[in-house]
Amino acid sequence: MKDLTFGTLIAVFEEIFGRGLFWAMIIGAAFVTIAYLYVLIRDRAISWRRFLLAQLSMPFGAALAVWFVLVMTHSRVSDLGGPIDLIVFLGVAVAGAIGCAILVYTIHSLIKRPSSSE
Amino acid sequence: MHHPFSTRRQFLGLLAGGTAVATLGGAEDARASTRTKARIVIIGAGAGGTALANRLVRRLEGAQITLIDPRIQHFYQPGLTLVAAGLKPASYVTSPTRDWLPRGISLIAEKAAAIDPVAKTVSTDSGQSLDYDFLVVAPGLVLDHDAIEGFSLDMVGTKGIGALYAGPEYAAKTWQAASQFTQVGGLGVFTRPATEMKCAGAPLKHTFLIDDIARRAGNSGKTKIHYAAPQGALFSVPIVAEKVRMLFDERGIASHSHHTLKAIDAEAKRATFATAEGTTQIDYDYLHVIPPQRAPEVIRQSGLSWADKWTDQGWVECDKHSLRHLRYPEIWALGDVAGVPKGKTAASVKWQVPVVEDGLVSAIEGKVPTETYNGYTSCPMITQVGRAMLVEFDYDNNLLPSFPGLIAPLEELWISWLMKEVALKATYNAMLRGRA
Numbered sequence: 001m002k003d004l005t006f007g008t009l010i011a012v013f014e015e016i017f018g019r020g021l022f023w024a025m026i027i028g029a030a031f032v033t034i035a036y037l038y039v040l041i042r043d044r045a046i047s048w049r050r051f052l053l054a055q056l057s058m059p060f061g062a063a064l065a066v067w068f069v070l071v072m073t074h075s076r077v078s079d080l081g082g083p084i085d086l087i088v089f090l091g092v093a094v095a096g097a098i099g100c101a102i103l104v105y106t107i108h109s110l111i112k113r114p115s116s117s118e
Numbered sequence: 001m002h003h004p005f006s007t008r009r010q011f012l013g014l015l016a017g018g019t020a021v022a023t024l025g026g027a028e029d030a031r032a033s034t035r036t037k038a039r040i041v042i043i044g045a046g047a048g049g050t051a052l053a054n055r056l057v058r059r060l061e062g063a064q065i066t067l068i069d070p071r072i073q074h075f076y077q078p079g080l081t082l083v084a085a086g087l088k089p090a091s092y093v094t095s096p097t098r099d100w101l102p103r104g105i106s107l108i109a110e111k112a113a114a115i116d117p118v119a120k121t122v123s124t125d126s127g128q129s130l131d132y133d134f135l136v137v138a139p140g141l142v143l144d145h146d147a148i149e150g151f152s153l154d155m156v157g158t159k160g161i162g163a164l165y166a167g168p169e170y171a172a173k174t175w176q177a178a179s180q181f182t183q184v185g186g187l188g189v190f191t192r193p194a195t196e197m198k199c200a201g202a203p204l205k206h207t208f209l210i211d212d213i214a215r216r217a218g219n220s221g222k223t224k225i226h227y228a229a230p231q232g233a234l235f236s237v238p239i240v241a242e243k244v245r246m247l248f249d250e251r252g253i254a255s256h257s258h259h260t261l262k263a264i265d266a267e268a269k270r271a272t273f274a275t276a277e278g279t280t281q282i283d284y285d286y287l288h289v290i291p292p293q294r295a296p297e298v299i300r301q302s303g304l305s306w307a308d309k310w311t312d313q314g315w316v317e318c319d320k321h322s323l324r325h326l327r328y329p330e331i332w333a334l335g336d337v338a339g340v341p342k343g344k345t346a347a348s349v350k351w352q353v354p355v356v357e358d359g360l361v362s363a364i365e366g367k368v369p370t371e372t373y374n375g376y377t378s379c380p381m382i383t384q385v386g387r388a389m390l391v392e393f394d395y396d397n398n399l400l401p402s403f404p405g406l407i408a409p410l411e412e413l414w415i416s417w418l419m420k421e422v423a424l425k426a427t428y429n430a431m432l433r434g435r436a
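Top line first, the protein sequences correspond to chains A and B. Just so it is clear: in the first sequence, position 72 is 72 by UniProt numbering, and no numbers are missing. Just so it is clear: in the second sequence, position 133 is 133 by UniProt numbering, and no numbers are missing.
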């Protein structure tokens, strides 16, 4: 690959998803992240009860992300051929799990304000 | 209670950061452009011509850039192997040529009929004549189907015949014939021409994919796969050839070297090959035809070709590092038509375009060009659905891995497949727009 710069990467991702969808996803991810930071700052503490619920959603997020990638790329788990494949595969799962946990925690926190017992 | 407005500064900060990230992509556009009145003609609006036009528009102010190409549709040719394996529809590889072209250039939707490198003119088939100061020849190549006796394109998709190079529709028809073979079984014969060719990995990819699809359908017991090629080795890079030989052994694919497809009898399903000893015939159930490939007629008749090399093919005589014509310094060759030892792939075009751009802009500015082409070619060699080897090499058959230590070039990997399936077309499109 020639000149793998940040600009090239952005251009490639724009082409993969289409410019509109790519930036919509970036804005969506940024929005969830900001909302997450907002509830953390607003509550000035992590609600461990909500965090537990969010953790329970992690395996689903991991499975969903892996399923999405495998289906979109005509692949099967048995196609993993080397260490880098395993790293990418686990990376997809971890990203899905963390993304899902943040999403669940944020939505839960936005819907329900912390009660005094929490 | 913590007021949400106190986070507004953070929010604005984040927005500013986001904007900075977004503008980074356009940083290279800010490079100072050169003022010129040069008349630049580019023959061909394929991968090379389009990418170069997009880059030149940004580098030159006032230049008169004209593209000559009659093709209404642009083909993303690296996708043809996927279409011919039923993994993508024919529409995956097509898009309107005009969609990729920058503003401020002219497109003449005609065929270049003649080039006069002494008078510096190009004429089109309607008789229009264009004077140029600089000329880039990037018309691609032509498939010489007539060279195979008994074969015609209307046979593709029927009678067990495939020919994926012929274009998106034919690649889709190739899949019709190939998929039937993977179900019914029999003997599949996969060929390669004796001439230079586009992406020498594609004949192997098609072989591997059809073998794998038959295997997955549970029909490997009733299919036999034979690979027949004029060359002595399975791939031009020795270390890759050995790896392919091992994979062929592992999968039970038989190979026949020094076999050049000369004729077919479609009714009898019989292919005739020229061999070192004479001729031999093979009865097939599926035959994949790749015809000899040559420079377009207009190149061969304009006196731009090598006189002592590839005389039956007519590739443009140019320096293999600068791609500049050896006799006419205001002419460059780009892409398939260039008479260089390797490099008839989209990946090569990606590396060649900045070299031609630099050569041309330097010539206008009266400077010495600095970019050179080392023969880089890349081939995500698909070895089964879901796995590929990311083979990259140069003129000297050295492997040039883009991600050394991470993605091993001779290892069958899922990540290399992902690159071919997901990232390659995107990178290609970014290249067309002159952004990669």
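Simulated from the structure, these hints should not be mistaken for lab results. For every residue, glycine included, the Cβ atom is placed at its ideal position computed from N, Cα and C. Don't take every hint at face value.
Said to hold, decoys possible - Covered by chain A, according to a simulated footprint, are these stretches of chain B (three or more residues, beta-carbon under 8 Å): (1) 380-394; (2) 415-425.
Said to hold, decoys possible - Calculated from the model, a selection of chain A residues having no Cβ within reach of chain B, i.e. all distances over 10 Å: (3) G28; (4) S57; (5) A65; (6) M72; (7) I84; (8) A95.
(request) Just pull the numbers of the violated hints for me, sorted ascending. (result) 6 and 7
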